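Chemist: Let's have the full structure, built from the sequences with the hints guiding it.
Quick note, the sequence shown lines up with residues 1 to 543 if you use UniProt numbering.
Calculated directly from the structure, the hints in this document are not laboratory data. Quick caveat, the model's predicted, so the values are computed rather than measured. Just so you know, even glycine gets a beta-carbon here, dropped at the ideal spot from N, CA and C. One or more hints might be untrue.
For each label pair, taking beta carbons as the anchor points, the in silico distance ranges come out as [stated by the list, open to error]:
#1 Ser93 with Ala159: 34 to 42 Å
#2 Lys400 with Lys372: 41 to 49 Å
#3 Ser192 with Thr276: 48 to 56 Å
Below, in silico cross-link-like pairs of lysine-lysine (DSBU-like), each with a Cα-Cα straight-line distance of 35 Å or less [what the hints assert, rightly or not]:
#4 Lys496 with Lys131
#5 Lys335 with Lys275
#6 Lys218 with Lys442
#7 Lys260 with Lys322
#8 Lys173 with Lys187
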Amino acid sequence: MASAFSATSSLGSSLAPPSNRLSSLVSVSTNPFGKSQAFAQRKARFPKIYAAKQLHFNKDGTAIKKLQAGVNKLADLVGVTLGPKGRNVVLESKYGSPRIVNDGVTVAREVELEDPVENIGAKLVRQAASKTNDLAGDGTTTSVVLAQGLIAEGVKVVAAGANPVLITRGIEKTTKALVAELKKMSKEVEDSELADVAAVSAGNNYEVGNMIAEAMAKVGRKGVVTLEEGKSAENSLYVVEGMQFDRGYISPYFVTDSEKMCAEYENCKLFLVDKTITNARDIISILEDAIKGGYPLLIIAEDIEQEPLATLVVNKLRGTIKIAALKAPGFGERKSQYLDDIAALTGATVIREEVGLQLEKVGPEVLGNAGKVVLTKDTTTIVGDGSTEEVVKKRVEQIKNLIEAAEQDYEKEKLNERIAKLSGGVAVIQVGAQTETELKEKKLRVDDALNATKAAVEEGIVVGGGCTLLRLAAKVDAIKATLANDEEKVGAEIVKKALSYPLKLIAKNAGVNGSVVSEKIHLIQPENENFRSGYKPKLNKSS
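Modeler: Have a look at this one:
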């Protein structure tokens, strides 16, 4: 009874006004055992709260229905962006301006549903979009719609009593066979088609398509094309030759062109030091050899202290030596990696005490060669002389292996930057817009177009508009014949039905009946000239 009463009184005190609660604690503390009583009261007033997991069993099919509802909500939202007549989605941003996007994976990442089970369904499909974005960079909406189709058709047969494990096995075997068929159907993209591929992905924007095609023509198909946010309202393209990084000369006294405020040397030697140069005597032998040989010298070090820097500047101003110096790009471990990249490009040896090289004892054999170097206040560009192509290729392959092992997007981005710098020529597309919202939307479109073009160069192109997927569906019957189990054949049939979903949605977004369009495409024979072109929604009724 006493325990029941004490629980009630503590509950009552927790509901009392703050002043009463405080006075009750003070009065209790006058008791010799007041501290323990006060602690007990506090403990009763603030009970432990556990974050319990909700358990949902699929006894009456409600759990699967909720999962499917979450999948459908996400897929229906993302699906409106599919096709040439796809709509945009406006995303609210808690910080900054809202975003207008036409990119499936960006929309999918923003979706958080209130119901926890529905949210699990949405997350499952979001993974498909994210993985497609990581591997191909485009086609994220199509992957979401295909996932929706597989789930919609699969739920029907599972509800009828089919074995989901065998159905999954049938789906996996069928998709593996269809991927092999898809590779046979693809054809290598020609240079004249690159602009079309990019333009289609950018929403039929041929300005973007032509710009991407021009960029690839300048740096080659395997060259590096990157995006930047421009400062004007117009899009622009420029090409950076050689390795460029954000580090300028240490002292303005190194400039050779006072009008442009830059230091420019041809057939230059490079001296790379992964430590701070503290004493001019340590580099005197290198400087003397540069004076004797009459060649320009570029020193890249972690830092150069005042005394050796003054020595370099005085000799440069007197005309004794052609020289420039800058701090190594990057910080910490990345700084050492950048120095190794520069060494690979120029054939230099990086001076490090860890490998037994002491600054005061090295000679001209550690110097690298560059065809041209240009230093400004903020940037440095190094153009190789072409003698280290094999070393650079090995270095690039090494960095690509690091990208595959990297987990964080930031780390992957920095590694890709290093590949771009080593590749010798980087095309930069600057995306311009009037407002920040427009800039973000345009940048996403151009990024999609660039990724689609890179994928086309790597693996070829097929007929678009969902037609290829529909024609793959016609090959499923032959694959079904190779499957031994009847329920595996049901899995193959699910894939066949799901393959028609993207085309029907493209047609629906264009205001046309998807089933009618699907039948028309089925009737086109391989010998027909329209067989090599996809479904194109009419832009207006008269066209």
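Chemist: Among all the numbered hints in the text so far, which are the ones the structure does not match?
Modeler: Hint 2 alone not satisfied by this model.
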